[in-house]
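With the hints as a guide, bring both chains together as one complex.
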Amino acid sequence: MISFASFPSTSEAYGRYGNTRHHPDVEDDVHMDLDEDDFEENVQRLTVPGESITSSHAFMRGHGTYVDNDEVIASVAGTVERVNKLITVRAVRSRYNPEVGDLVVGRITEVQPRRWKVDANSRQDAVLMLSSVNLPGGVQRRKLESDELQMRTFFEEGDLLVAEVQAFFSDGAMSLHTRSLRYGKLRNGQLVTVPPILIRRLKSHFVSLPCGVDLILGLNGYIWVSKHVKQSEQEGEEGFDAEAVYSNKNDDIDEATRAAISRVSNIIKILAAHFVPLTDSVLLEAYEWAVEQESSVKDLLLDDVGENLVASLGSGLRQ
Amino acid sequence: MSSRIEILNDGGYRSDGRKQYELRDITIDLTQQGTADGSAQLTHGLTQVLVTVFGPREAKMRSQTLHDRAVLNVEMSVAPFSTGERRKRSRADRRILEMAAMIASTFEPVVQTNLYPRSQIDIYVHVLQQDGSLLPACINATTLALVTAGVPLLDFVCAVTGGVHSTSPLLDLTTLEENDVPHMTVAVMPRTRKVTLVTMETRLHVERFRELFELACEAGQTIHREMKYAVKDRTVALVNAMDAGSKGGAADDHDRDVVMDDRI
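Line by line, the protein sequences give chains V and S.
Position 83 (the first sequence) corresponds to 83 in our numbering; numbering is contiguous.
Position 149 (the second sequence) corresponds to 149 in our numbering; numbering is contiguous.
Bound-form chain S, shown alone (with noise of 0.2 Å):
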């Protein structure tokens, strides 16, 4: 035992209660949040990120701009009170950087960019709260900013961390696990289970890849499903208020005494 913390213990139970194959609790909420074109504000467990969508719209770096199709920028931000220890990272954090250019990447061949030449679509991301599967919950929380934003999507993206503890796999880690196994990050689209992003950052055993990788990609699907009740609730309750709205104004389209301008 390397650490003091019993990962799984023999009742087959982690440090927080859960199984093996269990994920945490996923809350998702798609507010609209000031001007943006689209939000999501999702939470993992005690992993807490925001993100907003501004776009596609006028790029602003003309340097940058594609003539065929649009750039996706992706901004991220750290809040100094999201970890244990308390410390003020800069927006030029390397890791920080990483992170970002990871998510664009991972969306790049998601998003249909060539819809919108010389536009921009700007992705910001900010983190509220952190305990493990970050990467993951950033990318969840993305792709519904961009199914809020009704940006065209190929498929909705789903992510998930997985590690191995001796020879056992777990699934959506939390900081304690992810200090103590070799973990990785997985990220799938659902209908046709194409994978955008596999990421890891520390040493796995090569016989131990395959049976975690295919357990990602399955955990993909429940979190998928997640996603789908979230969206479709909003797209119902949007839909509903506009059908409420409309009905009522043909129904009052015979005695209106508004003064239309007629002057055209």
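Next comes chain V alone, as it looks inside the complex (with noise of 0.2 Å):
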């Protein structure tokens, strides 16, 4: 027996609000109520905290709800999700929730004994293990005391870095491992950051653009704009050349290259300030109609050339 609690029995109120201000004495209760479209029409469904979604006897609660007196209670701001007999309530805009597997961009914040502490976004600093990180002088190699010794060779304090969760400690932190040769330090680029709810994921979060511009999409919201690196250079003969993947010093980078990091860098501030979500499509069309333009790479971060760009992907999309 499904019983849903208190809703209110008005429908079309929905698309009204936003609208319309109220004066606060008002009784307009007719506003209140939130679409109450069952869980089976397939309309997103908002809520906000405090607001009762549904009974929990037929339902277990998930994230973003609690129980309280028999009904499942939203406690943050966003959509109602449901699988199976599961309600879960997404925010909108919240900090980054980690799973393992997934690809993350984080700054050091701190060296300690046997492990460095990374900020990635997260509620929490997360960990990365002396022995998750490659060591030079080969992929597989025992971590030695003196590799304890100087931590500071390999990461030091505000050093960026890509890698992977790994696990989550008791309390909720992550663990990272940078052990790939597509993982390490980061270098020859840019930091952007945008809400971690607009990156998806997808197939790979390594993204090369034609304009010779590489891209990392962090799950975690962290973007790395760099120039792109030859994939035969990067992987090198032998695989692990711990020179160069330590080292802090930037390669050469031509004007061009640089103008087109910093488009780039434009372009995502831009798509995260509309808040669209980033893939790399969205991004190249974006790019694309950037260089059409003409204009300079600062002229992006205008108001009214921002609105052109995020309304120019809507039609390009249509076309």
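If a hint is listed, it holds; no wrong ones were tucked in.
Partial list, computed: chain S residues near chain V (C-beta under 10 Å):
id, residue
1, GLN32
2, TYR116
3, PRO117
4, ALA149
Below, in silico cross-link-like pairs of lysine-lysine (DSBU-like), each with a Cα-Cα straight-line distance of 30 Å or less:
id, chain 1, residue 1, chain 2, residue 2
5, V, LYS227, V, LYS298
6, S, LYS60, V, LYS269
7, S, LYS60, V, LYS117
8, S, LYS60, V, LYS185
9, V, LYS203, V, LYS85
10, V, LYS249, V, LYS227
11, V, LYS249, V, LYS298
12, V, LYS269, V, LYS249
13, V, LYS227, V, LYS269
The hints are simulated quantities; they were obtained by calculation from the structure and are not laboratory data.
Glycine is no exception: its CB is placed at the ideal position from the N, C-alpha and C atoms.
Take a look at the structure:
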């Protein structure tokens, strides 16, 4: 038996709010209810904290909800999602919620005995153990005491790195690893931060744009925009070269590439400001539009140019 | 009559033309402020506050970290130009510290801090203009900022001041009225009607308390409605923006000419 608790019975109010302002004293309960379609309908349902979603007898509570008096109640503002009997509410904007296997970009905040602390836009700093990085002199090597003493030669405070979420500690902090040739220290580029919800899971989070720019879309909302590195160069012959992997020096970057990097970064900032989810195709289309306009890179950040850019995305796709 | 201004005239109007139970105009702005996780600018009449929320994030003060829940850290700053008479208050002003502590204790039972062990939630309150009802404005703005930051809350917290002029109760006092009449601040959680804060700095007759208290709780519901509109407004806008973007991406899926790296 499914019983829905306290839904008001008017339904056409949904479309109206947003453009009406009300005097506080006006009794207008008509506007109040959410769209009260059942979960069966394929319509997104929005909720705010403290709003009852359904009865707890028929459904289980997931993230973003709590149970009080046999009712499942939302605790964040966002969209209601249902998987069978599990009800969750996804906040529109929040910190990054890590999952094992996610690709993240982070910044070292602290060097501690046998581990680094990494800021990854999550609720706590992530941990990168010395045992979960590639050590110089061969991929498969045991860590030595000398490695512990020279941890700062691998990663120092402020260094940026790309890593994968390996596991969680009991208190919810995440543990990272960089035991792959694709992961490790970042250089030759620029970091852009966007809300994590805008980064969707893709087949690959390493994207090369044809303009000579590589992107790493970290699921935590940190995006690394850098100069394109040829695949063969990156991996080297025998795979591993400690000098290159842990180097702190940028390669030479020519003027055109610098402009392309800045242009891509500005595009990402604009799209994030308009809350457009970032995918490789969207970014490419936006880049082509920006090049067509033949305006200078910094003009992209003007409000009207940004609006045109976002509008052009829609029209280009409809054609 | 103790003062020269008339708090409530014969026609039942207050000094700024409001009726007894009338609240001032509420304006809510939930635009993103810089790198903050959530922010809200709230105006009650001429009182204006801006609250930014950072976190939950790694606790900077190791000693204050709690192993089973997050720490709420409230910092408050009052702009020197916010009052009628201009004076600079230090950050360590006792009144300001006290108000920050009150905000923190109001929200401790409401924020689900147990979900974020060893973290810290920073709440920065900036007072831009003051014209009475400062604490309720700060509390309401903090609620909104926490909601926009995606911090899980049991419910909204809606606060309002009430005062009594001789025997007639008034709501949402201005500075003029606060100086003259006994008043109190009440913060309620509208769904359960639980009260998270009641505070009084003046003496109020015990027989007037009940009436005023109930009135203030009722006014909380009205404020809740305004806050809910603002939050839903923003949620709808963001969700629509995301939908428009992602639908486009899906349609383009077939003939993408992006070079995808397949180094996996």
